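Novice: Chain by chain, the residues:
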Amino acid sequence: MSEQTPSVREVNENQCQICMPLGSVIAIKGIEHSMVVVHGSQGCSTYMRLAMVEHYNEPVDIASSSLNEKQTIYGGEENLRKGLDNVIRVYHPKVIGVVTTCMTETMGEDIGRMIDTYLTDRNLHDVDIIPVSTPSYSGTSTEGYWTAVRDIIRYYGNPSPPHEGINIILPQVSPADIREIKRILDLMRIQYTLIPDISMTLDRPYGILYEKIPPGGTSREDITRMSGARATIQFGYCCPDNLSPGAFLEEKFGVPLHNLPLPVGLKNMDRFINTLISIAVKPVSESILLERGWLCDAMADAHKHMAEIRPVIYGEPELVYAISSLCVENGSIPPIIATGTGSPQFHRHLESLIRDLDFVPLVAEHVDFALIAKESDHLGVNLAIGHTGGKVLTERQNIPVVRTGFPIHDRIGAQRIRNLGYIGTVTLLEQIVNTYLEHKYQHYRQRIKSEYFDNGGKINA
Amino acid sequence: MEITCSQVIGGTNSPCLAERQNSIITAGKTKNRIHCADDSIAGAVSQRACVFCGARVVLNPITDAAHLVHGPVGCASYTWDIRGSLSSGSEMFRNSFSTDLKERDVIFGGEKKLTLCIDEIVQKNSPPAIFVYATCVVGIIGDDIIAVCKAASQKHGIDVIPVESSGFISGNKIIGYRAAGNALIHLITPKEGEIIQKTKKINFLGEYNLGGEKWLVERYLREMGIEINVACTGDSTVASLKQVPGGFLNLVQCTGSMHYVARLLEEEFGTPYIDVNFFGAYNTSDSLRRIAQEYGEPHMIEAAEHLIERETERIRPEIEYYRTKLTGKRAAIYVGGAFKALAIIRQLRELGVEIVFCGTQTGKPEDYEQIHGMLNPGTVMVDDANPAEIERFLIEKKVDIMAGGVKERTLAHKLGVGFVDHNHDRKDCLAGFDGAINFAHEVYVTCCSPVWKQIRAHPDWEVYHE
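Heads up: the sequence lines are chains A and B, in that order. The numbering of the first sequence is our numbering, which starts it at 4 and goes up by one. The numbering of the second sequence is our numbering, which starts it at 1428 and goes up by one.
Bound conformation, chain B alone:
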């Protein structure tokens, strides 16, 4: 353990809480495991969200479903159109429905209002399914959303699916992913007597079609002769999700959100799964090869090799250009899940960038082991970091560029550090070979922007105070 905290460390400019000291380790300098996957400490200003948020972001991209947040209006307004997921059809998912509970409902119970809201949505929008999310208050007042949803399903003849996502449940977003997973399984499981025929198509789990990423990967797979059955949940529909049991293989990309579902699908329908990762040229190539091997068909393997060679050659000059510009720069990564962290580490490495700080909101011990294995000695790893810690390491580690989400962006900018947006609201495609170029381009334009040098140069004028 390199860092030891008493009350606070680093003086008043970079204090860190003593209780957090086991969540901060330095790669190569400790045998200790990082303390992670625990509840956030009160008052620590965690960057984490909640169970509801986890469930909401996983299910949100189901395009033709209505998403009804059961609770006072706040949770719905914070998550209205929250993702950059694209749709080839319905735009229903970009609406945010709320039961808008008032004091009266909190006192007397919100079940009646929930029923009326479901009726109203069915009448006005006729969605093929409605997801009903429980929020904190609903968990406390004990509304039986399962019973209400069941009755509404029968009444309207559509899937009305409860999502048990009260925000205060221990385990934050990960538990929200699980709640979403359970809701998905609820939807996917064939009704009595229904049989879904097995096909040779694959399901693409943990792919949310941000910036059209699902569509891009679909092109690659098509070139290899493979069809995507459905993605969970990017650009999916209620009807297409019901075909999940017909999949030949499940690809799992965002492992944090979808391993749970993949395991359940394996148990229930015998569909095997493999982890894939389409962020960066190396990961994309590796994933395509492994998918082809799962099918074991020589023409697919050949097509994959052909595609990989062609695309790698195509992007090489541009990537090389950025590499010459970026070699030796120092990066910090702070993202939601380990899957994303691992992908970014590799991609930045491919661009010649050194990783000096890496953390996640929801990493598990095995995730951190994997991350640890990829980092150079001396790199700081932090679980559930807070702004004070991020600020401290951005300065101490002389970071040139940070990759993360919205909350980290403004802090980085304030400290004169370039920033790459890798959040769930992003608008640009970062997957596949095209995404590799987009990512490299974004790293380059922010890291090597002419603005930093200018704004850092502070004039030494004599100043008088009015």
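This is chain A alone, in the form it adopts within the complex:
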């Protein structure tokens, strides 16, 4: 049994989570020809844009219904309609996600009804407008993300003819990670619909014609066909059942769900490949076997260093679970495994991961960095793995951070970080070890000298 999050506090000091609508926006950006209208005050959309622009290093356009005092009293419907008009006029989207904010949820805005009326009044048939309810006080970006993916799939959820393809449902991962998953599926010669696909929309290569809505994303037609797929693979191991898009497809259309951990690390990646084999009954590409071999080689190179590393792993549950699994299988026991949100699934899966370890890590849900910092001190953490928030650990406690996850605002290249697959795992593993080694080699001479020499040879002086 893992320890519970210690001492209940009221104040959240230095946040380890971002707000719920942001997760929805990222998911909607993975749909082809889509735009987003945030129903709330102007600032919400601007903060979300900033957070995404700084992370993906891409232009990110998010519209707002720009509510002011008057609308907060009399209702925001007029503004929402105007916002939709203007977005359609300038962006010509095929899909518009309308996400709520804590403000409009508190006002009790019924966006589903407003959208229906709008579509009827405007007689619009070529734009799909999908409402997503994201009251920030009820969840984090993780829940917002799953809510949007589920609502999008549900929106297009009609029975469709059975076909050979499979569904791939992803949590929030980087554009480069998505490209890696696609490459693996292509190597396995498997037909698939992958959702949401931000691999181009939030990482478009230079040199193609600049368009306001970037190319790429999961198409409406493909989403419609998901109900006829042979199976769903969802990397939503920690996703709560009520938000699970894969569970929806299974319950509603009988598409068998394989809910897997993100394919980071040998065990998780093997599990993904084995699942693909079992679904498609196809042989494995030789390249994949070679890549697996390179990872095994890297694991041998890394293992003794890994045993010295005591990492704190924090961030979004799927990534935190997968990286914890990577560390454990390589002989590194993370003293702290933390997330700014939480779910029974997260807790349960981690418990079985850490059950037989030499010491029991602290698994902490709904944390802030004040707690992570304090426990890192107590538990002798010497490396952090997670997003930019961990920079406080470096500044104040001299703990280096391997940056991965969202958001990364103080380095370039977050959109190109690749942690998935055998090859992505090699990169991550090496980065973990090398960050640790750089730190160790910088300090070990001084550390040993002060331990054995500076005390004048006295033990325990």
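Be a bit skeptical, because a hint or two may be false.
To give an idea of the chain B side of the interface with chain A (calculated C-beta under 8 Å), a few residues [said to hold, decoys possible]:
{"hint": "1", "residue": "V1472"}
{"hint": "2", "residue": "S1473"}
{"hint": "3", "residue": "R1475"}
{"hint": "4", "residue": "G1501"}
{"hint": "5", "residue": "E1530"}
{"hint": "6", "residue": "K1540"}
{"hint": "7", "residue": "G1594"}
{"hint": "8", "residue": "L1691"}
{"hint": "9", "residue": "P1814"}
{"hint": "10", "residue": "V1833"}
{"hint": "11", "residue": "H1868"}
{"hint": "12", "residue": "V1872"}
{"hint": "13", "residue": "C1875"}
{"hint": "14", "residue": "S1876"}
{"hint": "15", "residue": "V1878"}
Over 10 Å on every C-beta distance to chain A, these chain B residues come out as not near it, computed from the model [said to hold, decoys possible]:
{"hint": "16", "residue": "L1444"}
{"hint": "17", "residue": "A1471"}
{"hint": "18", "residue": "C1502"}
{"hint": "19", "residue": "S1514"}
{"hint": "20", "residue": "D1532"}
{"hint": "21", "residue": "D1571"}
{"hint": "22", "residue": "I1585"}
{"hint": "23", "residue": "Y1709"}
{"hint": "24", "residue": "E1729"}
{"hint": "25", "residue": "K1756"}
{"hint": "26", "residue": "K1791"}
{"hint": "27", "residue": "M1801"}
Derived from the structure by calculation, the hints contain no laboratory data. In this text the structure is predicted, and so the values were computed from the model without any measurement. Every residue, glycine too, gets a C-beta built ideally from N, C-alpha and C.
We have chain A; now place chain B onto it with these hints.
Specialist: Chain B alone, transformed into the frame defined by chain A:
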């Protein structure tokens, strides 16, 4: 009016909303005033932030205060350590505290939780003051943060100051600046019976010590025999801010955020103020001269002249070098406030760069008149621009370099345009004579970088699709 919009203008590649047509004018070609200082249009994808953001960035640099955002957790996480302001002492301001309201609190009210959070912060951190920011939800559910703050002040014997910054209030960041201004006045105003003695020191309002800019200007002033009392709010402390009434003169740099405070201070404490601007060599020299003249002491005026001559000579060769490289380049400016726009226009001009596009998020009519006066005919001016408009003018006006904030940067880069960061998170000093060199250097390295030519040259390979 050169640009006329029907539904959209410029075809599908560069559409602009009809409702926005009065917010876009061309210098020298119209007698019409630009439409500005209004609420953003729904769906227009404004680059503006909100009232809360305005208040948060103004107060954030008060180094030893705790900043507690009252609302669901999002607003706090977006503004955690949001500025590049440097501190000579406490780092408390770089923490972000949130009351992290949940559904239960939204239904039953968040006052109780706010009280508990204040107690907890006092117990753990003992800050000399806590600023409590209202967010949208708090404004709607009607938490009485004034009463809670007052009770907490009495209980703990420290300043617990409410900041009325619900994001939906009309008028965006400017109103947030005002909310911050009111909070500052709350802090500054001496308690009953307290008397703050007048000194010969100056207060430096609207200076946030990004990249140590306050410290650099402080050096100049010291050389002239003038001491800074306190800056509002760069590298300030709660105790030092309480000395504001003792100032001899208030300098106002970021006018958008601090004119309001300067006027209140003049009314309340009789402290006069002058506008200054330490961005660019010309503005820096001009500001130093005017400060010396306010004191009217010959030795100060002499020291200022000496300093200006020495520093101008020192940086001249480097500036000249960049000027030869940059002359004839075309620039776009899109920034938050007019003060910054004016400073950048002048600095780019000094480097031989032509301004072809200029806009702000929060400019007022008088600001735009001033900007208009500095621009060449044909320059496009836009208030509250959106990405579609910025994209259009970057292309149409053949821009080589853009100055702006984070959101504009990625768009510029995508279009192969160099970019200078002039945002509130920047890490480098852009003020004073040193800053003039840093700015020129940044303009040069991005404008004349070897990467643009290479990435624009697209290979004409025959391509097959897998």
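Novice: So which of the earlier hints does this model not fit?
Specialist: As far as the earlier hints go, 8, 11, 12, 13, 14, 15, 16, 17, 18 and 20 are violated by this structure, in ascending order.
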